[in-house]
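> So you can see what is in the structure, the chains are spelled out below.
2 protein chains.
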Amino acid sequence: MLVGKQSWQFTNQPVIISTGVIGGPFEKQGAMADYFDQFGKDIWFNQPSFEQAQKQLFEEACHIAFAKSKLQKEDMSFVFAGDLLNQITSTSFAMRALQIPYFGLFGACSTSMEGLAMAAFISNYKGANYVLTGATSHNAAIEKTFRYPTEYGSQKPPTAQWTVTASGVAIVSQQGEGPIISSATIGKVLDEGIEDPYNMGAAMAPAAVDTILAHLRDLNKRMEDYDLIVTGDLGEIGHAIAKELLEKAGHNVQEGIFIDAGMNMYKSDQAVQAGASGAGCSAAYTYGRVVKKLQEGLYNNVLIVATGALLSPLTFQQHETIPAIAHAVALKGGKS
Amino acid sequence: MLVGKQSWQFTNQPVIISTGVIGGPFEKQGAMADYFDQFGKDIWFNQPSFEQAQKQLFEEACHIAFAKSKLQKEDMSFVFAGDLLNQITSTSFAMRALQIPYFGLFGACSTSMEGLAMAAFISNYKGANYVLTGATSHNAAIEKTFRYPTEYGSQKPPTAQWTVTASGVAIVSQQGEGPIISSATIGKVLDEGIEDPYNMGAAMAPAAVDTILAHLRDLNKRMEDYDLIVTGDLGEIGHAIAKELLEKAGHNVQEGIFIDAGMNMYKSDQAVQAGASGAGCSAAYTYGRVVKKLQEGLYNNVLIVATGALLSPLTFQQHETIPAIAHAVALKGGKS
Chain D
-5 MLVGKQSWQF
5 TNQPVIISTG
15 VIGGPFEKQG
25 AMADYFDQFG
35 KDIWFNQPSF
45 EQAQKQLFEE
55 ACHIAFAKSK
65 LQKEDMSFVF
75 AGDLLNQITS
85 TSFAMRALQI
95 PYFGLFGACS
105 TSMEGLAMAA
115 FISNYKGANY
125 VLTGATSHNA
135 AIEKTFRYPT
145 EYGSQKPPTA
155 QWTVTASGVA
165 IVSQQGEGPI
175 ISSATIGKVL
185 DEGIEDPYNM
195 GAAMAPAAVD
205 TILAHLRDLN
215 KRMEDYDLIV
225 TGDLGEIGHA
235 IAKELLEKAG
245 HNVQEGIFID
255 AGMNMYKSDQ
265 AVQAGASGAG
275 CSAAYTYGRV
285 VKKLQEGLYN
295 NVLIVATGAL
305 LSPLTFQQHE
315 TIPAIAHAVA
325 LKGGKS
Chain E
-5 MLVGKQSWQF
5 TNQPVIISTG
15 VIGGPFEKQG
25 AMADYFDQFG
35 KDIWFNQPSF
45 EQAQKQLFEE
55 ACHIAFAKSK
65 LQKEDMSFVF
75 AGDLLNQITS
85 TSFAMRALQI
95 PYFGLFGACS
105 TSMEGLAMAA
115 FISNYKGANY
125 VLTGATSHNA
135 AIEKTFRYPT
145 EYGSQKPPTA
155 QWTVTASGVA
165 IVSQQGEGPI
175 ISSATIGKVL
185 DEGIEDPYNM
195 GAAMAPAAVD
205 TILAHLRDLN
215 KRMEDYDLIV
225 TGDLGEIGHA
235 IAKELLEKAG
245 HNVQEGIFID
255 AGMNMYKSDQ
265 AVQAGASGAG
275 CSAAYTYGRV
285 VKKLQEGLYN
295 NVLIVATGAL
305 LSPLTFQQHE
315 TIPAIAHAVA
325 LKGGKS
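Chains D and E, in that order, give the protein sequences. Here the first sequence is numbered in the numbering used here, starting from -5 and rising by one per residue. Here the second sequence is numbered in the numbering used here, starting from -5 and rising by one per residue.
If you are wondering where the hints come from, they were derived from the structure by calculation, not from laboratory data. Any given hint could turn out to be false.
Which copy is meant is left open, so a pair is good if it fits within one copy or across any two.
What the hints assert, rightly or not - Calculated lysine-lysine pairs in the BS3-like style (CA-CA distance at most 25 Å, straight line):
| id | residue 1 | residue 2 |
| --- | --- | --- |
| 1 | K120 | K326 |
| 2 | K64 | K(-1) |
| 3 | K67 | K(-1) |
| 4 | K(-1) | K120 |
| 5 | K261 | K67 |
| 6 | K138 | K120 |
| 7 | K237 | K261 |
| 8 | K(-1) | K62 |
| 9 | K150 | K326 |
| 10 | K120 | K215 |
| 11 | K120 | K242 |
| 12 | K35 | K326 |
| 13 | K(-1) | K286 |
| 14 | K22 | K215 |
| 15 | K(-1) | K35 |
| 16 | K62 | K150 |
| 17 | K286 | K150 |
| 18 | K237 | K22 |
| 19 | K35 | K261 |
| 20 | K286 | K326 |
| 21 | K62 | K286 |
In isolation and in its complexed conformation, chain D is listed as follows (with noise of 0.2 Å):
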């Protein structure tokens, strides 16, 4: 049902019943390892390209949320998932093997969010007896296709952010245990202007406020009623910026409750510039963290902010800005 101008509110309660969580070995080092279900031995995932290597990431973590939820992969119904390569091929060539009819996105980082909320509306409507959806990204795959391989070994700015290499999917149902998705808002696109490819937390940073307030006029909440606000990777420039913009908009900006997932993902020795980045980010911080935290009671009320850069390498060749969106998830303590 839509509520306000851009939010949908999600009566019947649809589920996160399960959820699928994996990374590299640089997430295994990482400050959210506990929360992954499995990790690579390196970086290959026994592919011979980094781009299929970013591809299984996707098939494995779909493998674990049916083997956790004791599904097959013929019980769902849809897949809403997408990635950040050039005609999300990794997503999609994924989908060979999973043979599951299959709903393409591509919205970058914000992906996770826009695939859950797609899958608790038509869960919502017993448009589906399940639906999987997910968002992955792989460093090498990601580095190499925005910036440059990283094998290169090029210097970046402070205010670069590392692509994590992680999938990080869920299964949605209208009925069963886990947390309940409770609404959701769609985001705008907007563009203030930035055009370094170096700098996407401050490209983005508007828009998550953008969703953000939407979310808080269309659903007629306060940023209090949340114990956890998490946007998706807008690093620690996006999330100084983002913090400044809300505050200016009159709310009360609480630290430790206003978080981002990319500042989050890797431990302070890590050498990850302003934090992390990538479609998997948000996803593997939600279906790790977040979901466990619901079921164990440590949150009730949790706002995803899942955040996107919408540019292409040859739109920074062009030397166009970067416009940006960020979609927004609540989930609630489960229901059991």
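Model the placement of chain E on the given structure of chain D, informed by the hints.
Chain E only, in chain D's frame:
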């Protein structure tokens, strides 16, 4: 509501209340010219690059659909749209100006029906006031992305298809006048081992047939229940394969009723080898000719089966085969 394994039935009768179809000069000479709303005077659409021309195509198609329906962009709740460029930048960049909450889709040339299925589902359950959906392709931008810049004048084999320069969009609503969206079937990814990006029709034909068979099974229908079944852009080669596969599956396939948008877009004296293709092909054909003929009463039941080849330039370089998908949406003679 889920029907069968992979289909939705829309019992609240969402309606296509407005459309916008725009093409280039080559489409103006084509067989479907009467069903376009507007044409560019050249392929630049007053833009400095082909990619920006593609963005412009989509933006102008939207404005045509707004004007015809006497609605404003502010009236739209959501957009579901995409294109074929890396990171679907044309569509996302158009959203900077349109400022409508936005779901980016990537389904290659199946995007048109991926978006229409979503728009119908959302509208059917009051998830939006109005939903805009569409798909776009620009010959020079897409040929440059997937094959060679058109300025090279490189030769093409007879199996090749001509990427349409067109954008087709529709506004979907739960109320109003126009063709009713009655059901949709979402396809799986099929890969029959075709490697040649100049033979997309052969790669996509099995996916089209798989989705048609799933649709007939899920909805308990026969091909004869439709006045017209239009595949997206199989071209001559793919159409012949699809016809044979359907006949092998025991269906009575009538020429003139089972047709392909890609084979009908241009006149016989236009040198397009096996036919037309591109994300704009099925979109322009559906929102141009099919919607008009449903309104006029020539057809009462039409099934659109948009087909997509999910490759990228990189997967071709890496010698991957071409996975394909098809999504079907059924339209009924208008509500008025």
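> What hint numbers does the structure not satisfy?
5, 6, 9, 11, 12, 13, 14, 15, 16, 17 and 18
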